[in-house]
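Let chain X serve as the given structure and place chain V on it in line with the hints.
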Amino acid sequence: MIRFILLQNRQGKTRLAKYYVPLEDSEKHKVEYEVHRLVVNRDPKFTNFVEFRTHKVIYRRYAGLFFSLCVDITDNELAYLECIHLFVEILDHFFSNVCELDLVFNFHKVYLILDEFILAGELQETSKKAIIERMGELEKLE
Amino acid sequence: MALSGMRGLSVFISDVRNCQNKEQERLRVDKELGNVRTRFKNEKGLTPYEKKKYVWKMLYIYMLGYDVDFGHMEAVSLISAPKYPEKQVGYIVTACLLNENHDFLRLAINTVRNDIIGRNETFQCLALTMVGNIGGREFAESLAPDVQKLLISSSYRPLVRKKAALCLLRLYRKNPDVVNVDGWADRMSQLLDERDLGVLTSSMSLLVALVSNHYDAYWSSLPKCVKILERLARNQDIPQEYTYYGIPSPWLQVKTMRALQYFPTVEDPNTRRSLFEVLQRILMGTDVVKNVNKNNASHAVLFEALALVMHLDAEKEMMSQCVALLGKFIAVREPNIRYLGLENMTRMLMVTDVQDIIKRHQAQIITSLKDPDISIRRRALDLLYGMCDVSNAKDIVEELLQYLSTADFAMREELSLKAAILAEKFAPDLSWYVDVILQLIDKAGDFVSDDIWFRVVQFVTNNEDLQPYAAAKAREYLDKPAIHETMVKVSAYIIGEFGHLLARRPGCSPKELFTVIHEKLPAVTTSTIPILLSTYAKIFMHTQPPDQELQNQIWSIFNKYESCIDVEIQQRAAEYLALSRRGADLVDILAEMPKFPERQSALIKKAEDTEVDTAEQSAIKLRAQQQTSSALVVTDQRPANGTSPVNQLGLVKMPSMSSNADHNSTDQGSSQENGTLSKVDPQPPSADLLGDLLGPLAIEGRPATAGQPQPTVTPGLGSDPNAVDASAIVPVGEEQNSVQPIGNIAERFHALCLKDSGVLYEDPNIQIGVKSEWRLHQGFLVLFLGNKNTSPLVSVQAIILPPSHLKMELSLVPDTIPPRAQVQCPLEVVNLKPSRDVAVLDFSYKFGNNMVNVKLRLPAVLSKFLQPIPVSTEEFFPQWRSLSGPPLKLQEVVRGVKPMPLVEMANLLNSFRLMVCPALDPNPNNLVASTTFYSENTRAMLCLVRIETDPADRTQLRMTVASGDPTLTLELKEFIKEQLVFMPPAPHAPGPVPPAPPVAQPTSPVAALTDPGAMLAGLL
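The listed protein sequences derive, respectively, from chains X and V.
Reminder that position 52 of the first sequence reads as 52 in the UniProt record's numbering, one-by-one numbering, no gaps.
Reminder that position 673 of the second sequence reads as 673 in the UniProt record's numbering, one-by-one numbering, no gaps.
Hints in this document: simulated from the structure, not taken from any laboratory.
Keeping only pairs whose Cα atoms sit at most 27 Å apart, straight-line, the calculated BS3-like set for lysine-lysine is:
#1 X:K28 - V:K174
#2 V:K520 - V:K480
#3 X:K128 - V:K224
#4 V:K328 - V:K621
#5 V:K755 - V:K771
#6 V:K290 - X:K45
#7 V:K560 - V:K511
#8 X:K129 - X:K18
#9 V:K31 - X:K30
#10 V:K771 - V:K846
#11 X:K129 - V:K290
#12 X:K18 - V:K31
#13 X:K30 - X:K13
#14 V:K149 - V:K224
#15 X:K140 - X:K109
#16 X:K129 - V:K227
#17 X:K13 - V:K31
#18 X:K140 - V:K83
#19 X:K45 - V:K370
#20 V:K22 - X:K13
#21 X:K109 - V:K83
#22 V:K31 - X:K109
#23 V:K44 - V:K31
#24 X:K45 - V:K294
#25 V:K855 - V:K833
Computed from a predicted structure; not experimentally measured.
Isolated chain V (complex conformation):
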């Protein structure tokens, strides 16, 4: 039955439906597209009705999956049609065909705006809908204030206002910097009094987005949310049309509880009591009913209530109820409920300490791991992974291994990665760890990434006790008839290194070892052959007394591969052949591989690095980050085992530098592990290895850190007396020689000024990482203190020396950091006023008899409190003119600028959150940038910057900075200047390095006491 009023459209749809096959359909569609195209070309002859019909046809064709590469303009132009039917088509089809970045949308902005502010309600609705669905930045810039007005004005029908609320939500989510929500707290609070539940539902979504960004402005909304929830839960005064299967709008209930999860706590005792009563009622009063829709709706509310309780119930009044409910859910047959039970249990592990209770359900959870539905299996795997600790690791990992053989392909990689990580983290003993990894490779070799086998090799190399065991195990696997290539690699490697430890066992003579490995050679790929060649060379070396027959065999293999086309193989073969003819030299050169330096497991990093993409930040994650319970020790509870360098898990997760190092280490593993000639080096092996792994950083580290960057470190050199401390960033005094930092502290600091997370400091004992989040005038930092050793670090002290413009609060730092543990210390920063001064972390610890003390600049620099903001020509010039002359507008000719192309300078400014506005300045040699500065005293202040460069002399430029605050102008100008004249010594372009660091160093604090300008002049 065709309701459609357009006959031509219906006929076309029928035609397409009647096509016998895909080919016919394509022909029919092509014919229609040709027809539409011709008609559009001759637009004058088209009636509005025809145009409308053709645009619908285009959408239909597009929906069928065909490319429609014309006619977009016609769709957009219908938006300006005077009558509803055409306008409606224009809006709807445009919203489907184009996305927010499409150029044509710009053409429509004016019409859309006129529709939004106009008097025709229907047009308003159409315009709000399109902007709400596909509006991008330009829409936000030109429409946000109008949309805000519609939302709060009572003269519009709820119909318009609910659309305005969601339209605003879209604009805000997409461009929080453009949509000004200052002062919206009161309005949101008023909106929550709305009687119309449609408007309320939409407004609640808006509130969730707002509070997820910063809840503290919206405290006044909290009691209102609780009221709304009460009203819904008790079904008071809810119109019939808003109840769904007898449940008062389950969606609004869910949204309201979602909003509440972004507040860290409910302080007012009355509100808290009311809320807990409602939650209690939901937890206890939700029964399983027959009607599936009703059941789903009531459980949607129940699961949201559970999440809210987990979030709020610091006193654990209701937590046991939650655990009991979840325990029930994970045992039910109804798949959706079981899935949600598993999912929420996993979430619960993230917020509270319920491991022990959840462990009781282990058997039940393992059953779900074998469920036919992959969705449930995934949840079960996540939960098992999350609940695993030393006590149950053996059971869980063995369960995972067993499941691995039958698991479907979609899950094997994840399974093997998780099993490998758990085995590493919680191994009760190392031989078990080796067993697990070898089993993994045996059962799912295709899904075991190289990282996994590199890791096991590292452990074996670093643990002498483990070596005979690992070699024996490897030997066993080699007896199996068909083994995975990864198994060939790992066992050949281990046998090569440690096979001689098996010498007296049956079947383990050099000749037998050689034979069993060599049998595998015909089946392996070229990437494995080099490893085998190294193994042969090592076996040969360990054959005492020499065995003539074995020697001939091995030599003939080397001979054969000497002419191999693969360079790696050829080189190894040639070198080993030459070496093995030199007798005793061979022993030196092919000696056992040195121990690997300890580092974070690449596997664990890999698992942690997966990020999800959500519209709002997860409340649970935020919660986990906010945990103010001072320092939180995350560590393995393994008994500290002096001989085992196991468990790297503690170390900092995010720094990209360490990830590079990790990469290096794994690369090392793949290409050089087996000791080709190029690897052999007369130097002490461990130092060499470290040097190799860390590259220029480590080499530079020792001499450079003492004094290199000081004179150039100007940010801390204001008039503040603390400034002396601020610039001292070296290990203090005599301690300098006892523990050397790894990497360049100044470079690390400068890197952190540009990004939000990374390593602040590292030495052989400790790594200090920083992760930070900046919101307007506030900063939330977490310091990750990771003990890299197998013994504890004691007398740990961290003192913050804040400059006068920052309020900083560091949570308690524990006195001792357990072996291989990582401690997280949250640090809150509030910016009071503009200043370039830099906060310093005075950090010390004792390791053995050494007291180590370092003073580290913290990257809470001026630019962190900037928010880039684009400014149009119309906005820029009036502002620029109104800020006339000093002290609001300052100009300076800067000399001694590090020469760089204009693009690079623009990038540099952008990376300091100064948004370069291209083409604003007619002169192509100039840059204009804008930003907003936030501090507690000033709130948002617009700052404008203009830089005029001289193409003939790139070392000088004229800079003009303007803002509404004289201090801000001055500080910002100086800050930018520092960035332009000082570039952190990048590896490719070394910056100004003072010739004699130890001498240069003391001069800097002296200069600091005088004047930053003088200091700079001296430098240049």
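Chain X with its partners taken away, still in its complex shape:
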């Protein structure tokens, strides 16, 4: 299962953090710092997987943003790697050509989208169409 999802830029600013396991605040800050250090200096030619404590981080870089998923050692790495990409496609579709600023100013929307995509650390919906339509419904209620 996904333990947590982090979206960080190259400077280590967190743009989204979602935890599916209970961690204390101090621990969360530590995790965010460590994961950033772990992924930011890796060569683009390296694998997208890196061990993190007793788990592993599956990460992918889009422009200056790192999307990192921390998953169990036994989980299917490539499936989660593509899960990141699907999420990015959904964001891209929703914000039409997403950029970091969209995510900064609409971080609350990003949380909403994520909740339609992943729940309890597991994939909930893999249809981009279903999620975009759902977001449309929710926007109308605001």
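This is chain V only, laid out in the frame that chain X set:
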């Protein structure tokens, strides 16, 4: 571009972004926090819109990494807002700011429940999402049935149901004891017919969690999973929106294959055929394509298929294809694929016997060990470690050593530990082993733990053939200009002990040895100086004829350190000085160190003990445990070498007792190895050492085991005629004297009643360990029979004498246990009905001319079939009242209770899986506990226990036990009573020890035949 509808929020975010530096940012954030705090204080003046805006600001600040220590209440209170926009913020922010243990969440439970069972779909979704993301135990208790209803009701939209499936998954994962999934097999099977792929994806995750816990209830889901997989793999009837780069939901394919890996086999031939066709298609039909996303997705499916084939393909129809594919993958340039190739090869080693094929790729794997990416290097190291055996150990270890000099720091410790273990496990000869360890210390001294050098010292001490070689090697290293301190320690130790064996070689006169070691002294730390002092004393002793000049030199050093501030150094210096003036006495006292007793390598234990934490148990691990292929011999294939006490690897892995012993042994190594005065003892050295290492256990072992615990051992004393056997736990008859058990058998048994793994029995020849897992009415035990000797144990026999309420099946135990090998024998237990009777293992073997036979109680006791369950006041009292009087509710005044504080008693009950519910009973002197009992006949039965103690007299109490089954009530009551009146003799608080064991012993079986009550009375 700011889409955000909240201007204040956007302005704040812009302000923060415009800050030039961290300091400015902090000032801006502090100002905002102050602002929000003031506004919240005066809550009445806040519009819902403002409240919402401020709560979002808090989340933003929190996300930036600042502490937000207020406003949680405001976020939680928004959950109860009547309108969607506020409610939504309340739910989302609460789920981010608070975790499951936060007290405030309790305040929201009612609102959350109302939202879940209410008619507003949007609210339902919000509530399910929050509970799914952070729901804890209390949510599980109050919401699980409602969530289950939502999932299976067809009147809700897929939107709600997929959230319900995952919400339930969370609650179940967190609290499997609270979420009742009895009878869910049919529902899961129906859910798998779902047309909506979103619901199906979520349900499949739920299924994985359920089958990973116990697959046998879910056989009916298996053919449906195969159907789903077929449908996806053939792309039949899959809506376009669920295909990803042309691949029908790769995630659902992966999940489905994951679920299938938890079933031990696919029995139905048709289903099996269909499944293998699909798998074949995936294995053969996955090509490398240019589009990276498509390529990843198809390979995600492919790797999952590989895992499933490895799991299912007992006939090895497709295994060779898998190996060929993996062989291809580990050679590709694409890093992700190569990584996964290495990883899956390592997994493959765990499930099937493919060592020989994988060995062909050794050169390729070694290349990956030098890859610039640490992730790949780690996988390569794991694989090399896993594939190493006698045939390739030399190559692999030398490769690791070579790599060690250039490896980065992050890997050196792991590398050196693994190299040390492999060298120990598979050494073709011992001198090579010594070479390897010394090289390790030389190249990566900082990363070589003390365990490693203690181990090499043990080997050298125990092998006379090796001693001159080791001494010569140590001497060579001492010539190097700058050596690591660990090298100074190990070589000084070895030279001290065995330097005299080099006497005639050039550069090895006592004086020269002394000089070369003494040169190192100025550079070492205080922990090394004592070792050097001992070495000097030993060199001095071995100098024949005495050398006046050397003597003066050494004495002056002792003189100097006699006033050292470090106590250890001071004491050694003073004692050696005094001793060395007494001539011949010195020789006796500083004699060579005795051999170390053989024991499991602390290193191997260390490597094995690392556990990973995953949401579901690894299917591969489960598989490895389940391997029913009777006994599995895990051993080194080294030719049995009579002189070498190498290879301790066989012995049992988990017991904490042996780990203590190991600790002792290493401590010994560090502090006392070199023979300070306190260590010197007139007794025969080996016995002394053993006594020291095992402490009170070994000393107590001999006299005590004969009869000590018998009279108090009541669990086996039911009316069952087997009971006589059950209580006989001593080596039988005349054999008693030939082989003495190590440690106290009864204590070991009682320890195992409280925990799931440990040593059941040990004597100088064999160690029997137990590892067990208890699920409801079933138990899965593995007996680890480890031969500690260098010669085989023959005529091994293990017979289980089960009491009538247990069904037990022990897989075949081999007749012979090879030298230093460990044999694992799985044992399955099914509990049919409540009973306190205890199963007995009748175990015998022959060693030399001695036949050894022991009867050992197995820890499959009543409490193992209990599952603690918390009960609230509202639930407890109606139940308690409805079970009125005998035979369902029994009460007894128990006297002769071992006095203990109430807390201790509560702990004791908890450790027997009776969950003490605090504050349920208004009287603080009483304890109320609840649990559920599982057996094949009764399924889950709630049991309630109340214990009323008398603060004035702790030796008596009144106990009331209630359950829906008269036998269960009686048995449970007696069981608890036994635990309260009999405490296993703990080291600090000795229990009731009968004064004359040999006499007391025969009385116990006699008493056993009559009545347990009478027996108890007699005891007290």
